[in-house]
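Novice: Protein chains in written order, with my numbering: chain A, 220 to 562; chain B, 220 to 562; chain C, 220 to 562; chain D, 220 to 562.
Everything labelled a hint here was simulated from the structure, so no lab data went into it.
Where hints are given, some of them may not hold.
It does not matter which identical chain is used: a pair holds within one copy or between any two.
What the hints assert, rightly or not - Simulated pairs of lysine-lysine, DSS-like, Cα-Cα distance not exceeding 30 angstroms:
| # | residue 1 | residue 2 |
| --- | --- | --- |
| 1 | LYS240 | LYS470 |
| 2 | LYS222 | LYS495 |
| 3 | LYS531 | LYS329 |
| 4 | LYS240 | LYS523 |
| 5 | LYS531 | LYS332 |
| 6 | LYS495 | LYS402 |
| 7 | LYS240 | LYS551 |
| 8 | LYS222 | LYS470 |
| 9 | LYS413 | LYS439 |
| 10 | LYS523 | LYS487 |
| 11 | LYS240 | LYS479 |
| 12 | LYS329 | LYS402 |
4 protein chains.
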Amino acid sequence: MNKYSFLDDYSEGCHPDILNKIIETNLIQQTAYGFDEYSNEAKQLIKNKMNNQDSEVFFVTGGTQANLIIASSILRSHEAIISVDIGHILAREAGALEATGHKIISMSSKNGKLDTQIIQTALENHSFAPHMVKPRLVYISNATELGAIYTKKELEEISRFCKENSLYLFLDGARLGAVLCSKYNDLSLEDISKLTDVFTLGATKNGALFGEAIVINNTKLVQDFNINIKQRGALLAKGRILGVQFLELFKENLYFDLAKRANDLAIKLSQGFTSKGYKLLDKNQTNQVFLILPNSLIKHLEKKFSFSIWGKYNERDSIVRLVTSWATDEAKIDELIKSIDLI
Amino acid sequence: MNKYSFLDDYSEGCHPDILNKIIETNLIQQTAYGFDEYSNEAKQLIKNKMNNQDSEVFFVTGGTQANLIIASSILRSHEAIISVDIGHILAREAGALEATGHKIISMSSKNGKLDTQIIQTALENHSFAPHMVKPRLVYISNATELGAIYTKKELEEISRFCKENSLYLFLDGARLGAVLCSKYNDLSLEDISKLTDVFTLGATKNGALFGEAIVINNTKLVQDFNINIKQRGALLAKGRILGVQFLELFKENLYFDLAKRANDLAIKLSQGFTSKGYKLLDKNQTNQVFLILPNSLIKHLEKKFSFSIWGKYNERDSIVRLVTSWATDEAKIDELIKSIDLI
Amino acid sequence: MNKYSFLDDYSEGCHPDILNKIIETNLIQQTAYGFDEYSNEAKQLIKNKMNNQDSEVFFVTGGTQANLIIASSILRSHEAIISVDIGHILAREAGALEATGHKIISMSSKNGKLDTQIIQTALENHSFAPHMVKPRLVYISNATELGAIYTKKELEEISRFCKENSLYLFLDGARLGAVLCSKYNDLSLEDISKLTDVFTLGATKNGALFGEAIVINNTKLVQDFNINIKQRGALLAKGRILGVQFLELFKENLYFDLAKRANDLAIKLSQGFTSKGYKLLDKNQTNQVFLILPNSLIKHLEKKFSFSIWGKYNERDSIVRLVTSWATDEAKIDELIKSIDLI
Amino acid sequence: MNKYSFLDDYSEGCHPDILNKIIETNLIQQTAYGFDEYSNEAKQLIKNKMNNQDSEVFFVTGGTQANLIIASSILRSHEAIISVDIGHILAREAGALEATGHKIISMSSKNGKLDTQIIQTALENHSFAPHMVKPRLVYISNATELGAIYTKKELEEISRFCKENSLYLFLDGARLGAVLCSKYNDLSLEDISKLTDVFTLGATKNGALFGEAIVINNTKLVQDFNINIKQRGALLAKGRILGVQFLELFKENLYFDLAKRANDLAIKLSQGFTSKGYKLLDKNQTNQVFLILPNSLIKHLEKKFSFSIWGKYNERDSIVRLVTSWATDEAKIDELIKSIDLI
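So here's chain A without its partners, still in its complex pose:
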């Protein structure tokens, strides 16, 4: 890659501390298939951070994998998922959940978030049994695909509505680190553990080589979950490599330190643009910065940097996405901001 990339938060390997832990433990024999001592310890650490000993934690390698296992393990054949139309499971997972036989009910949303009114509409639109699937699993991403976060009040309302309507609530936390370290956030891991039936805690985008923790809070959903992990080809023989990474991330505060750094750099980056009069698509809450930039500026910046063109904004402007991470070189942000003036 000749240009410096702000394309995503997974262009580098893993944080050096994690790599050191891999090196340190590399030749110690361990039980296979996730029953190693590192995985056990890491699971306990996550339970402690959530202040919830009743939940169960499972580690898999990726987000799509986590999502499809959760849906296929929890749902009966005729039960469906509710998601906003830009939800990752609808837009970027190649039909992974449908391939397990489940329909995803696509709901439009102004800001990319789900709320109780939208869920209510989905229920009403699917009340004509037996001609329709039965909505059963509510899927939300936090942060959303547009980098926004749910407030505690929003999540509480959704959670309450789901309980009242026999719906399971699943929070996709591929970028939950960035959420928990956002200055706008008022949700704790403990809150999330209480308010959802299941959520994921992503490490791929926050310092690890790969790894998503699946946290099941509704104990009725735990039984045989591990067989479902195996059935979907997600049980690593050397599960230790997942355990070691989560162990290092949660032993002290590394998971949160890395997320905070990514967020801080996103703020710096977004302020670099706004201070020069360019507009954000929405306020910058996590490590994804969505900007409305003139096409001429975009062309100019693309000479030295890579980032995503998210779509057309108007004849003159486009929406671009720039992503920061634990690994972002701060000097490159300075350079990028400086470049703005050199057009």
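Following the hints, put chains B, C and D in place on chain A, whose structure we already have.
Specialist: Positioned in the frame of chain A, the structure of chains B, C and D alone reads:
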């Protein structure tokens, strides 16, 4: 783990050379989802080793994952797989292939190998259309689940039969390294690439943290294979970590050196027992040693070593499996053999 | 049912001529599973009506069954279906197609019809491989769920676009009889057979006890289709009962006579309302009449007739659907129209 | 068909009484999708015959359809079915249950029946979680594929074992009529309703055009079952046609009278052969007669009659199957028996 383990070939991390390559490349930005330069280079190396530029190579993390993606990508809904009853897809993958909708036709076999006569029987037993699935994919493991290997003549016959009967041939090479380095083997990677429609080349059990290369030789089966990888949750965001490992394994001769070491240690281990009058279940061809041992001896050995009890042999004896690997400590084999006399 | 029903076109049994044929053939022994002489003859008659001897015809009992078998037989795992959002497969089939593992891409449409521009948009929205399903099957209903029909020009354009873009075109003809006998229609069975890869010819809603003919025009899609019928539980042991019904419907002109009668009664019914100043939602083209009626009138009519409330139109009015069929009692239409004045 | 057929019990249409009821009710408007009054009444009659008002009854058209809906509605993704290897779901349903994602564990059995010891073995063979599916549904056919029946004691033992091991018991009663009217039978419908979680009551092979009643005795399995029927394409728009048939069969004693006639004719047929010194494969218990006949005699009989060659018995003899039904012409049995001497 208090005892030294001969349970499997995945109780340790990865070979230090691989770890060093991960360290060396860790902070270099790379394109995500397997389009990184390490993956590209590693794929080319494998093509070169096969002396076949027309095949396509894909990397995934595990064997069950590879197997289910291959079946679900290749087969139409009503098409079935033929396998011996001890085949990994039938015995140890939690219904992973059936979960994609395909039946596996289970065939008994005296020695754990498939041959043209068994396949012919499977075809005859499934000729009553439209009341039966259509056998389409022939699955063999090399090495087999009992550590045996296919000769070139055997594979040629199966391959010819498959072509004549419009069957695809899939060779599961989770332990193909051990095969290629067996003193009984007369198959080259080039042979396998010519004789099969698709095969896997396993690294998890031969030095890597994880990783199976899927090699598609039948070019008609390549189209959109990558979407199927994504759909099954097997596309790593940081695909680089797969690329780097295969790159290191195939850059020089590491893949083969490691397999040879495991095989040599298996020979040493099996000779340690046979020299004292104990019998092998079958001749030792790869890195899995199956022994018939008195239950009293087993109990004695279990004090300091762990290994698998494969089943009952007779009232006095059981079948045990001991597995060696690139990481096996040779001194522990000496110790194990010495222990035999101390009962 | 105390009230006379305009709810649907399947509230009665079958046309007496069909019943007579069932009686006449009842005790004659026939080969099972659709290989009976009546089925063979009926298939030939349909081929003759299409003037196309290369297509293959299969009979199943229902529309959802036909649709799911077609999708699961034709598509590879990662391939998806394009449909308008009100399409029967999306709105009324309880996730039947998703249950076979395939995503349906839901597209909005002003009039409930698909056109090349909408399909083009669906393709563009799903071009980000390998993160997205691959659109492969274009699904249209003729008549649409709103009773409208496709013109020959419209179908030709869609057909051409599909061929150019490697898409299969599937026309759901659950109410194709009503289409072919509509005064607005300019499509022949022969046209449809030339322009689509596969279509269904519905009899359930046009005189039979049940029965949909699946017509496969793209000969590449025929192989093993019958096994897929069996695999989905749709192969009747006494397939003769499907054969007999289609035989009677297509031996002479019964299929078309019945559809014409239903359409004529729909015209009479709609004119009964429009002549009194009430408005149609759209022009009445087939046997489904969509009217905008005051809620007070609806309440009044519901005392003696049953029909569907399709949705709210405004504060005062709702949209209702009244359906006629071959079995509709014309006197009841007179009575219904007379009732309008008695409010 | 030029020859008289003893191939199966579905070569004719339906019993004239059923046909008359179809004629009689044909033009009466009814609610669609199985909510008609005939279906309601028929369900009540079946509950009364079982002396069990808590079970729920659903009607579908065929046995494979019933079996796949039951499995896919009841089971979670990783749960498997236990069946003897000649079970219909394994041998004759084109992978229908696997197509819904579930593995069927195939168990060999000397007489084609399952017993607690075989089930116990299946459990033991699948105890290595998470690498194996979890057996959950026990499938038995009564009558078996070889025409044999389960005694009350046998069914009680299986039922008790299933309850003790958290297994659901499913009895496939495609030919349950023949069982209940067998002189060897000591099971009542009430017994079956108490001893199984779900069973089917077949009408296709006992007088109807088609139709299987699914009886769910375990009330936890009832919820949303109807959506699963719809999702698998098995919900007839004119469900009345199923209701009418079951109504006529169970209003009085028709279902049992027809089965008894078929059984009696089977006895006559088998005695015709045994009285001339030919041997039955097993004692004749229902309407399927399995005989060991010399190949020369088979050739001779095939001139005027059709029946199935079940397999080779020895060099001189083969096993043949002859099936009687409610519709069998008794004179043809006389003719067949007479033919034996004319060789």
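Novice: A separate judgement is required for each hint: does it hold in the structure or not?
Specialist: Each hint, compared with the structure:
Within a single copy, LYS240 and LYS470 get their C-alpha atoms as close as 11 angstroms, and across copies as close as 26 angstroms, so both meet the 30 angstroms cut-off. Within a single copy, LYS222 and LYS495 get their C-alpha atoms as close as 23 angstroms, which meets the 30 angstroms cut-off; across copies the closest is 65 angstroms, which misses it. When the C-alpha separation of LYS531 and LYS329 is checked against a cutoff of 30 angstroms, the pair qualifies both within a copy, at 17 angstroms, and between copies, at 24 angstroms. Only between protomers do LYS240 and LYS523 lie at most 30 angstroms apart by alpha-carbon distance; the minimum there is 28 angstroms, versus 35 angstroms within a single protomer.
In this assembly of identical chains, LYS531 and LYS332 lie within 30 angstroms of each other by CA distance both inside one copy and across copies; the values are 21 angstroms within and 27 angstroms between. For the homomeric pair LYS495 and LYS402, the shortest alpha-carbon distance inside one copy (23 angstroms) is at most 30 angstroms, but the shortest distance between copies (65 angstroms) is not. Taking CA atoms no more than 30 angstroms apart as the test, LYS240 paired with LYS551 passes in both settings, with 28 angstroms inside one copy and 25 angstroms between copies. For the homomeric pair LYS222 and LYS470, the shortest alpha-carbon distance between copies (27 angstroms) is at most 30 angstroms, but the shortest distance inside one copy (35 angstroms) is not.
For the identical chains of this complex, LYS413 and LYS439 are neighbours both inside a copy (14 angstroms) and across copies (28 angstroms), given an alpha-carbon limit of 30 angstroms. When the C-alpha separation of LYS523 and LYS487 is checked against a cutoff of 30 angstroms, the pair qualifies only within one copy, where the shortest distance is 19 angstroms, while the shortest distance between copies is 58 angstroms. Both within a single protomer and between protomers do LYS240 and LYS479 lie at most 30 angstroms apart by alpha-carbon distance, with minima of 22 angstroms and 29 angstroms respectively. Taking the shortest alpha-carbon separations for LYS329 and LYS402, only the intra-copy value of 23 angstroms comes in at or below 30 angstroms, while the best inter-copy value is 43 angstroms.
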